[in-house]
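Chains as they are written, first to last, in the working numbering: chain A, 1 to 330; chain B, 1001 to 1364.
It should be emphasised that the hints constitute simulated quantities derived from the structure, not laboratory data.
The model shown is predicted, which means the values in this text are computed figures rather than measured ones.
Using N, Cα and C, we set each Cβ at its ideal position, and we do this for glycine too.
Careful, some of the hints might be misleading.
[As the list claims (entries may be wrong)] Here chain B is said to cover these stretches of chain A; the calculated rule only asks that three of the stretch's residues, wherever they fall, bring their Cβ under 8 Å from a Cβ of chain B:
(1) 71–85
(2) 93–102
(3) 161–170
(4) 191–202
[Stated by the list, open to error] Here are some chain B residues the structure puts well away from chain A; computed CB gaps all over 10 Å:
(5) I1028
(6) R1050
(7) T1143
(8) K1317
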Amino acid sequence: MPTTSYRQALNDTLRAELTRDENVFLLGEEIGIFEGSYKITAGLLKEFGPERVRDTPIAEEGFVGAAIGAAMLGMRPVVEIMTLNFSLVAIDQIVNHAAKIYGMFGGQTPVPMVIRFPGGGGQQLAATHSQNLEVWYAHVPGLKVVAPSTPADAKALLTAAIRDDDPVIFLENLSLYNTKGEVPDGEQIAEIGKAAVVKEGSDLTVITYSRGTVIALETARQLEDEGISVEVVDLRSLRPLDRETFCASVRKTSRAVVLEDDWLSYGIGAEISASLMEGAFDYLDAPVGRVAAAEVPLPYAKALEVAALPDASDLVRVIREVLDDTSFSR
Amino acid sequence: MTDQAAPVTAGSQAAGSFPGNEPPEVLIGYYREMVLIRKFELTADQMYKRAKIGGYCHLNLGEEATVVGLMAALQEKDYLFTNYRDHGYALSRGMDPGRVMAELFGKSTGVAKGRGGSMHLFDTQTRMLGGYGIVGGQLPPATGAALALTFRGKPGPDAEAVMCQMGDGTTNIGAFHESLNIAAIWNLPIVYVIVNNRLGMGTTVEAASGEPLLYKRGASYRMPGERVDGNDVVAVRDAATAALDRARVDRQPGLLEVMSFRLRGHSVVDPARYRSAADVEEAQAADPVPAFRAQLLAAGVFTEEQAVQIEDDATEKVASAVAFADSSPAPTPDELFDFAYATPVANAPQALPGQPAAAREPRL
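So that you can see chain A by itself, here it is in the shape it has in the complex (with noise of 0.2 Å):
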């Protein structure tokens, strides 16, 4: 099987979409001439034209509402938006329209168009260009959300996300971009709504998506020569949520810790320990784990940077403590 970036199978997708389909187009700042300032939308305008790799004006409430009118006459946009954060100024028209406009108007018109962006921190951005506001767009009933960790489920869910007839909001997380996996040849469409059990596990399960996926698996590496078993759940979907995949895998293993990238309240992990206390109550062994990042505007400074966001030993302690809590034996 072919090896490629998480970026190049962006691209890759994104072109074989633009060739399968001439509904589909791309609308965003810099996407053309600049190629994206994540380049994940190199050599598209060259290949596809200014009308369907469209640079916009720097005006996410107008290109982000403009996306939904084109998709409400049937074309099917792919909006890219250079950061997470940047959406805060277009989410009128995420939330009241694009979520809005199929149910509010009874089911007359859909909306298929996939709103893309990189979440994430840690690259000393500071507080307004590294939050992790997934979980805004997770609440709202409507919208749909992914966000891929691997190169094959960028592929994936990315296909899926176009065909779909749903705004689509698609995190990516700038520090996935250059990683690395084996990609399948060919169509490869994901189902929206599903978690995956990417390593199986005996002994707890970490339940986690984006970037939170790769640190997890790399800890059930490492935690596995210490004759630690780590069940690892990768969300993939974080609207609608899988919470049956995740409340089977603890039942299985009776121990939970989540890992997220948003801030601890009210956050992802808030909602999986709640659907854990419905699903798996009676063989919880321990209380729910949560590794979130800290409540704090993200400072500049590096060793504040690192203290705020949770990582692989923030993982491995909070594993371990809940082992401890229930007397695990080695």
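Since chain A is already given, all that's left is putting chain B on it; use the hints.
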């Protein structure tokens, strides 16, 4: 383009626009539509007060000539986006009054199946793509609809175009400026129409706007701006037709400011105590429905008997709309998740209040 236009006096007639050479049946048709809107809105007001209609309810009372003139300019193949003061547009666009009233009543037979209500009238058949409740929310999607038209057709006299209606208060929100800018740089076939009824809820245009001559705001985007008397149905139609033609043929987006009056408060529940007696008197004096009736009578376009017949027909239409809405079924709770997603997907939440999100699995 009349970029130099001075503020238009209320109730004035643009020289030569009426009766001119208008065929009588066309003028009578406009009157019929204006009267239907008037009767519909007065009835909606009553139905609201009888609690048949919930939520917010904004009426087009006083704006009938504006609505009918704009809709006369719009062709069947064109698309319309409006704000929440949308009943008249839906009727003039050709939606069945019964289904519009049923939407206001929250019934399954409503144009949006009772999901949208007064502010969110929508019908793909007549290409009215909403009814939007958020001020300015309709502008970016309308602009994008015009973008879609550039993908599927060439410019020309038969090309499709988009009309995007809004209130005067909308010209101060960011979406207005972002949308006009995008329409200008991409040469989109769209006409933005500001219905200036002088009041954004209770705030005057002068108090809210750095440039209160709103049609001039097109200049920032090199977009032709024009102001027209909204009480003159023919003048409104002609100005809108010309702007739409420029959009079709030249892909030149336009901005049309239509001077109108709101006869009532912002919504049904607003007694509008902030309005001065003089302001209310001016609005009532400019009321386009009796004014147009008197003009048509004076010009011999129709007789008193014919006018009464038109008015009785409208009363009857609205009465049967109410009867239809009243007798229509309300949606049932089992339909709650029917339009959750256009593409069905695994694990879509279907919990009702108090039900768990994850299936409970007690250990036996």
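Going down the list of hints, with the structure as the test:
1. 71–85: Coverage by chain B holds here, the residue count being 6 at a Cβ distance below 8 Å.
2. 93–102: holds (count 5)
3. 161–170: holds (count 3)
4. 191–202: Result for this restraint: holds, n = 4.
5. I1028: 33 Å, holds
6. R1050: For B:R1050, whose nearest Cβ neighbour in chain A is about 24 Å away, the distance exceeds 10 Å, so it holds.
7. T1143: Contrary to the label, B:T1143 does not stay out of reach of chain A, its closest Cβ about 5 Å off (not over 10 Å).
8. K1317: 23 Å, holds
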